Each structure stands twice: as structure tokens, then as C-alpha cells.
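S.K.: Sequence:
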Amino acid sequence: MTEPVKIKFGGYGPPTTTFSRAFKRVGDALEAQFGDRVDVKYVWNIMDLGYKGEEILWLVEEGLLTVGYQSSSYLTDRVKELGFVDLPFLFKSNEQARNAMAGGLGQHLSKCIEDICNYRILGYFENGFRHISNKLHPVHVPADMKGLKTRVLPSNIQVRTFQLLGADPLRIDLSEAIKGVVEGTLDAQENPLANTVTY
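The letter at position 169 of the sequence shown is residue 183 when you use this note's numbering, and the numbering goes up by one with no holes.
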């Protein structure tokens, strides 16, 4: 009997996140289709093992994980074209964003990523539109961002956007952002609402 193909999914959130639940659905489908010919395992949150969220890519490159998810912002230093989807107010609705990423834009970006990084893109799923939360005051207009030390993703587009809003953007990993919020060294953070509630 041949050894089963080992597939290890890895992420940076608890099993209850939409990302983890999506992985579980894919894993369940693989097991249903291939039975004991596959051995599917999950590492729900690499941060629980001492890794940073941004290290998903390294873990896949090193073969410690087979499949991982990552915000496209983490690749913008290597694949400049990905910065396009970090532009604020690019899409008017979830439907428009989904259609673009499932269509020509997603295909183009996948090819860029594969050509530059040699990653195989299995698909895109949304992280959600970004929301700003902070400990000082409500944010209703751009001027409300003035001077807020705000965690942003590692994207020059995001950094510049928040600078233009008057904020003090800090490019830090999710694990460090959580610590900064708890310890009070950050004034604000931007994330999809689901991440803000989860972490």
C-alpha cells in the first residue's frame, strides 16, 4: 500500500475564523474524494506556535506547510502589482471585488505571483473590507485619523494612504498588533471587522 499524500493546511487564526472554516471545507472535500489516499492536517494558528502571521509564506516555502493563506499585502514588496488591490475604495461592493478577483484581475495577479514567487495560487477569498478601530475617539471623517498610531499591513500603499489621512502608520505583523492593542502602545488598528472581533 502506498503512503497517503500528506497535506498540511496552515493559517493564523482560530478554527472559528472564516479562513479556517474554508480550509476545513477544502480538507473535507479532499478526504471525501480521495479517502485514505490523503492525510489532511491543520495548523489553525501558527502564532500559537510562536510564529508571526507573516511567516505563513516561509512555512510553505520550507515545506512545513503545504497550503497557507495570506493577505496579498504581505507580498507587495515582491510583487508590486498586488499593491493595486490595497488602494482604498477600489471596489464599491463585495460583489464587485469578488467578480474582479474571480475574473481577469485575479488571473493577472495570480500569474504575476506565480512568475515572481513560484507560488501556485489556488484562489482568492475575501478578508473583508477594512475597518478602523481605536481607543481614543470615533473616526467619522479623515481628520479624525490625525496623529493616531495605527497598525497597517506591510504595504507601501497602505502606509501612504494612512500618512495622507494624517495618521502615524506602523507596518507591523498581526501578532505584534495584538500585543500593541493589549499593552496600549497602539492607538488604532485597521482590519476587517471579523478579525477585529476575533483577535
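Since the hints were made in silico from the structure, they are not lab data. Quick caveat: nothing in here was measured; it's all calculated off a predicted structure. By construction, the Cβ of each residue, glycine as well, lies at the ideal position given by its N, Cα and C atoms. Just so you know, not all the hints are guaranteed correct.
[Claimed, not checked] In silico DSS-like cross-links for lysine-lysine, where the CA-CA straight-line distance does not exceed 27 Å: (1) K66 x K94; (2) K22 x K66; (3) K193 x K163; (4) K55 x K160.
[Claimed, not checked] Now the in silico label distances, taken between C-beta atoms and shown as ranges: (5) G161 x R134: 14 to 22 Å; (6) D50 x V196: 37 to 45 Å; (7) K20 x H151: 46 to 54 Å; (8) A114 x D42: 27 to 35 Å; (9) L63 x V19: 39 to 47 Å; (10) D53 x G137: 19 to 27 Å; (11) Q47 x L178: 44 to 52 Å; (12) K38 x V155: 34 to 42 Å; (13) K38 x K163: 29 to 37 Å; (14) L178 x Q110: 21 to 29 Å.
S.K.: Compare the structure with each hint and give your call.
M.R.: Taking the hints in turn, this is what the structure says about them:
1. At roughly 22 Å between alpha-carbon atoms, K66 and K94 fall within 27 Å of each other, so this suggested pair holds.
2. For the given pair, K22 sits about 18 Å from K66 by alpha-carbon distance, which is consistent with the 27 Å threshold.
3. The hinted pair formed by K193 and K163 meets the criterion: a straight-line CA distance of about 14 Å does not exceed 27 Å.
4. With a C-alpha separation of about 45 Å, the suggested pair K55 and K160 falls outside the 27 Å cut-off, and the hint is violated.
5. For the pair G161 and R134, the beta carbons lie near 43 Å from each other, so the given range of 14 to 22 Å is not met.
6. For the pair D50 and V196, the beta carbons lie near 44 Å from each other, so the given range of 37 to 45 Å is met.
7. Roughly 50 Å separates the CB atoms of K20 and H151, a value that falls within the hinted 46 to 54 Å.
8. For A114 and D42, the Cβ-Cβ distance of about 28 Å falls inside the hinted range of 27 to 35 Å, so the restraint holds.
9. Remark: the range hint 39 to 47 Å for L63 to V19 is contradicted by a beta-carbon distance near 23 Å.
10. About 22 Å separates the C-beta atoms of D53 and G137, a value consistent with the hinted range of 19 to 27 Å.
11. In this structure the supplied range 44 to 52 Å holds for Q47 paired with L178, their Cβ-Cβ distance being about 48 Å.
12. Look at K38 against V155: about 41 Å separates their beta carbons, and that is inside 34 to 42 Å.
13. K38 and K163 have their C-beta atoms about 36 Å apart, which keeps the hinted 29 to 37 Å range intact.
14. Checked against the hint of 21 to 29 Å, the C-beta distance between L178 and Q110 comes to roughly 24 Å, which is consistent with it.
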